[in-house]
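Protein chains in written order, with this note's numbering: chain G, 1 to 401; chain Z, 1 to 471.
Mixed in with the good hints there might be a few duds.
[What the hints assert, rightly or not] In silico DSS-like links for lysine-lysine, alpha-carbon gap of 30 Å or less:
(1) G/LYS231 with Z/LYS67
(2) G/LYS239 with Z/LYS224
(3) G/LYS221 with Z/LYS387
[What the hints assert, rightly or not] A few chain Z positions that, by computed beta-carbon distances, are all more than 12 Å from chain G:
(4) ALA68
(5) PHE92
(6) ASN101
(7) ARG214
FYI, nobody ran anything at the bench for these hints, they're computed from the structure. Every residue gets a Cβ at the ideal spot worked out from N, C-alpha and C, and that includes glycine.
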Amino acid sequence: MPSSISSSDAAVIVPAALPPVSAERAAAADLYARQTAADRPGVAQPVPRRPVPEQPWGRILVGAVVILALLVGGWEAYWRAYGVRPSLANSYGLWAIERRRIDAGEGDATVLLGASRVYFDIQLKVWERLSGRSPIQLSFEGTSPLAALEDLAADPNFTGRVLVGVAPDVFFSGFEFRGGAIRYTRKESPSQRIGQWLSMTFIEPFFAFDDPDFALQTVLKRQPWPKRPGKQWFLDVRKLSETGLHRDTHMWSKVWTDPEYRALARSIWHQDFQPSPDDPTPEEARKTEREQIARAAAVVAKLRAHGVKVLFARLPSSGEYLAYENREFPRGRTWDALLAATAAPGIHFQDYQELQGYYLPEWSHMTRAEAERFTEALYGIIVRDFWKPDGAAAPPAAAQR
Amino acid sequence: MVFNSLTFIVFFACVLGLHSLPLPWTTKKINLLIASYLFYCAWNPPFVILLWVSTVVDWYAAQGMVKARRAGARHAWMVLSVVANLGMLGYFKYGQFLLDNFSAAVAALGIVYHPAHYDIVLPVGISFYTFATMSYTLDVYLRRAAPAQNLLDYALFVTFFPHLVAGPIMRPTELVPQFAQPRRASAQQLRFGLALMTLGLFNKVVLADSFLSRVAERVYDSDKIPGTLDAWAATFAFSGQIFCDFAGYSTTAIGAALCLGFAMPDNFRFPYAAVGFSDFWRRWHITLSSWLRDYLYIPLGGNRHGARRTYAALMATMLLGGLWHGANWTFVAWGGLHGLYLAVERALRARFSNYRPSPLVFVLLGLLTYTLVNVTWVFFRAKTFGKAWQVLRGMAGQNAAAAPILATFSLITVAGIVGALVLTHWLMRSRTLESVVARAPAALVCAVWALMAFAIIIAQGTGNAFIYFQF
Chain G
1 MPSSISSSDA AVIVPAALPP VSAERAAAAD LYARQTAADR PGVAQPVPRR PVPEQPWGRI
61 LVGAVVILAL LVGGWEAYWR AYGVRPSLAN SYGLWAIERR RIDAGEGDAT VLLGASRVYF
121 DIQLKVWERL SGRSPIQLSF EGTSPLAALE DLAADPNFTG RVLVGVAPDV FFSGFEFRGG
181 AIRYTRKESP SQRIGQWLSM TFIEPFFAFD DPDFALQTVL KRQPWPKRPG KQWFLDVRKL
241 SETGLHRDTH MWSKVWTDPE YRALARSIWH QDFQPSPDDP TPEEARKTER EQIARAAAVV
301 AKLRAHGVKV LFARLPSSGE YLAYENREFP RGRTWDALLA ATAAPGIHFQ DYQELQGYYL
361 PEWSHMTRAE AERFTEALYG IIVRDFWKPD GAAAPPAAAQ R
Chain Z
1 MVFNSLTFIV FFACVLGLHS LPLPWTTKKI NLLIASYLFY CAWNPPFVIL LWVSTVVDWY
61 AAQGMVKARR AGARHAWMVL SVVANLGMLG YFKYGQFLLD NFSAAVAALG IVYHPAHYDI
121 VLPVGISFYT FATMSYTLDV YLRRAAPAQN LLDYALFVTF FPHLVAGPIM RPTELVPQFA
181 QPRRASAQQL RFGLALMTLG LFNKVVLADS FLSRVAERVY DSDKIPGTLD AWAATFAFSG
241 QIFCDFAGYS TTAIGAALCL GFAMPDNFRF PYAAVGFSDF WRRWHITLSS WLRDYLYIPL
301 GGNRHGARRT YAALMATMLL GGLWHGANWT FVAWGGLHGL YLAVERALRA RFSNYRPSPL
361 VFVLLGLLTY TLVNVTWVFF RAKTFGKAWQ VLRGMAGQNA AAAPILATFS LITVAGIVGA
421 LVLTHWLMRS RTLESVVARA PAALVCAVWA LMAFAIIIAQ GTGNAFIYFQ F
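So here's chain Z without its partners, still in its complex pose:
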């Protein structure tokens, strides 16, 4: 189920009620586990089997690693875990993509091959929970973490509903220790958790779904050619939409976990105030970028083998990171552009290592970063390269004869919401939400909370799925 649904409100109220009963801690954990499976089954019940497969394989792989006496055996258990997880991911997420590309490749050689269309349904959240379970076996393999003490704690780590389907991608060392001792939210945690959930849902239901998504759709899902203003407005709208959608999900998830007494990591840190692309990736989808860094970039060699190998590892990481988002070459192009940006930035830093920008240049570099990030969003949002080029040509002023697509209201919406969003990120770039809330007058916090909840209600969201569910 999605957080922005009546079903979730009832579900969450039941979970909170159960969790506050004076029951043994093990019983409470079993309740949370069952609730998490119900949360997942509410989409498509049969796919819970995949969740069990992933859980059981990695549990036994980690146990096998611990008991293995030879390095080869440890290695084999790790390979089993990786192959099982990536195999599931590969089949369900990339199966049709691989077949289509194979037939296109052999067609280029003059061989006609038409594979059957399997219409494989993508299990919700498979990219997230396979990465979470892989981090468990990989941390055990790398001797960074001890295996979980019992299957219940481990299964709950994999399945815990706030992070299950769209992250933040949690590491076992972040969550499993929290299951060791009884946890129950204090009254303050519960109230602040509810406030965070309201903030997250406001981002998703009001800003992303009600206002920004429609503007992006009107240009990106239309066969009309966009002019300069429409192309930029739609792309800015999407930049705001995807942030509000995904950061909204993360904030709601963090709030839900806090209401139950658990802590989840930050996933966003005001990314549109980033200066440079390495800074951007320290602020955007932090749990994915750090996962890719720890389990892909560093094992690929990191910077240990000279500049050429470093750039190759960097580019490979970003290309695969792009592909993680979806089985489409446009996502690979998105990752490739970010890889290119990072490589150029790295080279420039090496060349101008002593350069320190003035405050004005610093802000201008930040705006340049945001602009270039928007160029990458074109490939992320467009369903085909044809559409992406069409929008990019519009952004470059090459579609001069294009008729206007967006109405004044849409343009005002984008300017108002995205402008305020970027400004907020700049004001908050070195702060935390908590510090700002702590300094604000209580009456203001109260009014803002009520207004956000009111906006959620009158926006009448239709329970649209979060964008990252499809990844």
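The following block holds chain G by itself, in its conformation from the complex:
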């Protein structure tokens, strides 16, 4: 009876047509050649050989470290010369830190939700100066706030107030560019939490190049490669902001100081204003709008039952962006319908003189100075008409809602 580990049996794993180099010849040619478990069927496997190639490894290591330091230094200098300063990465890990504040004793805080306009245009330090408390910033660029709002509604620890930014093209389409934050927060491992802390303590505050916009693949991808016939070409959104602790974010100065970069940012938005084969049909778009409004109504009702106050806010846009929003998401069909369905109060920038006339370099977000001024004006309207400041009596308008 043939052995179960006879050569013919080994042909299951061992090919009959091995390369025309015998093991002996290979071993003679290669001092480091060694067998693997594939060569030893059906036996106890011995302690592996792990030879170190003969080289002056000490000098190689020192040389590699020196070259690496020079390369990294050069890369850092290049991006600093481009106008980049170190800032924190707007990562899910950073979002998770803020989200956990609600479960760590700040359940009665004011939470800011929305897309990039709430993220860039509401300045946390200004808000804190005016209110005495820092709000929790949970907005994400290009991302509908409804999932985060539903997450808050499901959290019994949350009893505070929510300002929900409504960027029409994001909110009413249900688009979620960064839709994984809630799931990430729930599943974040101890290793990821430590990694986030290490990164925001020892890496991000010191290295300007550590930004997704300057990652190797991203930089290579945006080079002027030939266009593939039939393939629609989209420029990805470029770096627009700088982020600090508590996700306090403002527009990157290059957007308003560099005309070329500002034009680039506008041209990227402009892509969205053109019809695309990937666009939904008008019927599909209307259906999605109705679904998002119904979803908002359900979650607001749930929050209201918990005693949570929800205030919607339509922050400013301008130029071609505003024209696009007015054309594709007219106020009556979207904003007004949202407030009617949710029976929640709202602030539309076009209804308040104080919220108009700000400079939005790329039509969608404000410069830092403008954002500070805007935050002050917005907060003033909120406490005047909707929410009482901490410790004060409720304003009449809020009491009715």
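Given the coordinates of chain G, assemble chain Z onto it according to the supplied hints.
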């Protein structure tokens, strides 16, 4: 924690520091054991209990086998070990899959049954450490190996962090003897180990994550129908991604172990230069294929009971090997295709036993092997059979009206990286990495090492988990 994370860098620096202190060898082993448990807990602390269960059950099963006087008792201890390990694996990895298939099967009989969805979380690396611990009891049962001398050495064999969650799947005889005597890496081993870790992370962070994975995602995770070029490009991209991801992990693990003075076995030997599928499996995930051969194929009869039984054992081994990768019928199809390839190759070899290919035909057979391996990757990567058929139809030129999906940059990326990868495998197919490094000028080694480290840093990897962690 994953190797490609800041947490691991700090963890590994602490472990290296501790291991180099002038402490008794037993203390150093205890340090390594605690570090390995911390490494595992960094994902999901409660699951370390499963690791302990697996360790303790197999430790006592092996002891029981040694002390047993009757063959039946030895057999019973072996069965206990296998049932405990496969039971854990079955519950956590295949529980929902089995329930879903059961409800589908009874539905076919007209019975409506909707089992509760348990949302079972898969403990990281369970497929790897259960296979490692089973090899311990099975080697003792088969009298290939003596049981470990003490529980500390055995627990460290199971838990040793470089191989714990994604292999290489180690046998007790490969690692336990290394714990018998004090080991500390020489300066040369430490430096070469660091170079291997850099190479492994370059494969993972730069090639797999930054470039290739996105191309595969754009086609495989999209609802768009791919044309011929997109379907092939995405599949080639995945072939490169999974190699760079998994071989990158193995290389990093081998390097990490070497930095501590331990040797781990090769897990890959330039598989995309394989000529034939048995050759492929001697080069791809070697520690799994040899595990399946030694503990499944040979016990199923191997080639001892005639051709029909041999083919049946071969196919059963590959189907189960496919299922090992994930609780989805697409993985079974992947394993089945490889089983079919191996069976056809075996039959052809028997029919044309004297055939020796010319060099040109040899290379063409290698390219044919690589092409057919790519066909199997379609089932491995696609989440559903529907998507797999869609991509296969694209590869066969049947989606003529499909609009382009991938941009020029993606196509260039795939052609450049995967082309270079396959060419490298052919140039290296009869060589070892060490021999090439030894012959290279030191300045070149130094520059390549620095460039790989630089690429890792500027690629800004986001700590994506390795593909094989989910298996």
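No chain G beta carbon within 12 Å of Z/ASN101's: The assertion about Z/ASN101 holds, with a minimum of 26 Å to chain G.
Separation of Z/ALA68 from chain G, once the least beta-carbon distance is taken, above 12 Å: holds, 20 Å
12 Å cut-off, C-beta based - Z/PHE92 kept clear of every residue in chain G: About 16 Å separates Z/PHE92 from the closest Cβ of chain G, which puts it past 12 Å; holds.
Minimum Cβ-Cβ distance from Z/ARG214 to chain G exceeds 12 Å: Z/ARG214 is in fact no farther than 12 Å from some Cβ atom of chain G, at 8 Å.
G/LYS221 paired with Z/LYS387 [C-alpha distance capped at 30 Å]: Since the Cα atoms of G/LYS221 and Z/LYS387 sit roughly 27 Å apart, the hinted pair holds (cutoff 30 Å).
Given pair status - Z/LYS224, G/LYS239, alpha carbons within 30 Å: holds, 29 Å
Given pair status - Z/LYS67, G/LYS231, alpha carbons within 30 Å: violated, 70 Å
Going down the numbered hints, you'll see the structure goes against 1, 7, while the others check out.
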